[in-house]
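In order, the protein sequences belong to chains A and C.
So the first sequence is numbered by the numbering used here: it starts at 1 and just counts up by one.
So the second sequence is numbered by the numbering used here: it starts at 1 and just counts up by one.
To be clear, the hints were calculated from the coordinates, so they are not data collected in a lab.
Any given hint could be a false lead.
Claimed, not checked - Pairwise CB distance ranges (calculated):
no., chain 1, residue 1, chain 2, residue 2, range
1, C, F60, A, A78, 33 to 43 Å
2, A, G16, C, N56, 34 to 44 Å
3, C, G16, A, Q60, 47 to 57 Å
4, C, S86, A, P82, 39 to 49 Å
5, C, R15, A, G41, 19 to 29 Å
As the list claims (entries may be wrong) - The calculated EDC-like cross-link candidates involving lysine to aspartate or glutamate, where the alpha carbons are at most 20 Å apart (straight line), are:
no., chain 1, residue 1, chain 2, residue 2
6, A, K42, C, E100
7, C, K13, C, E52
8, A, K68, A, D31
9, C, K13, C, E100
10, A, K56, C, E82
The beta-carbon is built from N, C-alpha and C at its ideal position, and this holds for glycine as well.
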Amino acid sequence: GESVGLHLPTLSVQEGDNSIINCAYSNSASDYFIWYKQESGKGPQFIIDIRSNMDKRQGQRVTVLLNKTVKHLSLQIAATQPGDSAVYFCAEKQANSGGGADGLTFGKGTHLIIQP
Amino acid sequence: KAGVTQTPRYLIKTRGQQVTLSCSPISGHRSVSWYQQTPGQGLQFLFEYFSETQRNKGNFPGRFSGRQFSNSRSEMNVSTLELGDSALYLCASSLGAGEEAFFGQGTRLTVV
């Protein structure tokens with residue numbers, strides 16, 4: 001079936017550098033995408049979302065880019081800090097299903113490791 | 001305000017038993033969704049409740065069921081437990097469709 005996937009299971013970056021985490025999705029009917037951060041022993045934490053009528057959305061130190069042509073989603077974290085160390089998941093929902101947490105399809109996750 | 005609360009945090013059950021997990025959403029949130037997280041399958045959607053009605057359901061066998069009470073608290077039940085049911089079960093709540101969802105810390109279920 002269709003699913004959301006991530007390119008790398010692990011990404012190691014130097015503290016202070018920018019991080020880019022990628023995600024590919026295959027369901028062309030998806031119109032809502034979310035990035036979550038999950039720290040050890042905790043549930044996923046919402047970072048930022050984007051709808052398919054947008055190409056880019058910025059938050060505090062984070063930017064999400066959506067390329068619908070190639071069905072690619074990325075999360076950019078500026079000036080990576082030790083507290084950014086976590087597993088990052090992309091998730092998608094199908095069209096007309098609204099936001100919220102119901103019916104989300106999650107990718108496998110990328111473990112971001114911050115090197116001092 | 002208090003976040004999403006899941007109880008218990010950890011649970012060990014024997015194969016064949018049943019288990020009930022509880023989720024208290026953020027005050028005012030009427031939508032509660034449940035997910036199973038395993039190393040092999042990742043996060044998978046189980047079901048979603050809104051105003052005591054199941055609105056959406058994932059691809060899990062009938063052994064997995066849930067319900068929501070009038071105060072929006074939700075429970076999920078797994079009957080005839082299998083070893084493969086060992087997982088972190090996560091609950092998320094939101095005001096409703098189109099609203100940001102907040103996850104609890106999960107219940108770690110181990111089936112032996």
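Status of the hints after comparison with the structure:
One distance hint, 33 to 43 Å for the beta-carbon pair C/F60 and A/A78, holds here, with the actual separation near 39 Å. Between A/G16 and C/N56 the beta carbons are some 42 Å apart, a value that agrees with the proposed interval 34 to 44 Å. For the pair C/G16 and A/Q60, the supplied restraint of 47 to 57 Å holds, since their beta-carbon distance comes to about 49 Å. One distance hint, 39 to 49 Å for the beta-carbon pair C/S86 and A/P82, is violated here, with the actual separation near 31 Å.
The hint said 19 to 29 Å for the Cβ distance between C/R15 and A/G41, and at roughly 26 Å that hint holds. Restraint check: the Cα-Cα separation between A/K42 and C/E100 comes to about 18 Å, which is no more than 20 Å; the hinted pair holds. Of the supplied pair hints, the one linking C/K13 and C/E52 is violated, its CA atoms being roughly 28 Å apart against a limit of 20 Å. Of the pairs offered as hints, the one joining A/K68 and A/D31 holds, with about 10 Å between alpha carbons and a cut-off of 20 Å not exceeded.
For the proposed pair C/K13 and C/E100, the alpha carbon gap of about 33 Å is over 20 Å, so the pair is violated. Using a Cα cut-off of 20 Å, the hinted pair A/K56 and C/E82 is violated, with the two alpha carbons roughly 43 Å apart.
Violated hints for the displayed structure, listed by number in ascending order: 4, 7, 9, 10.
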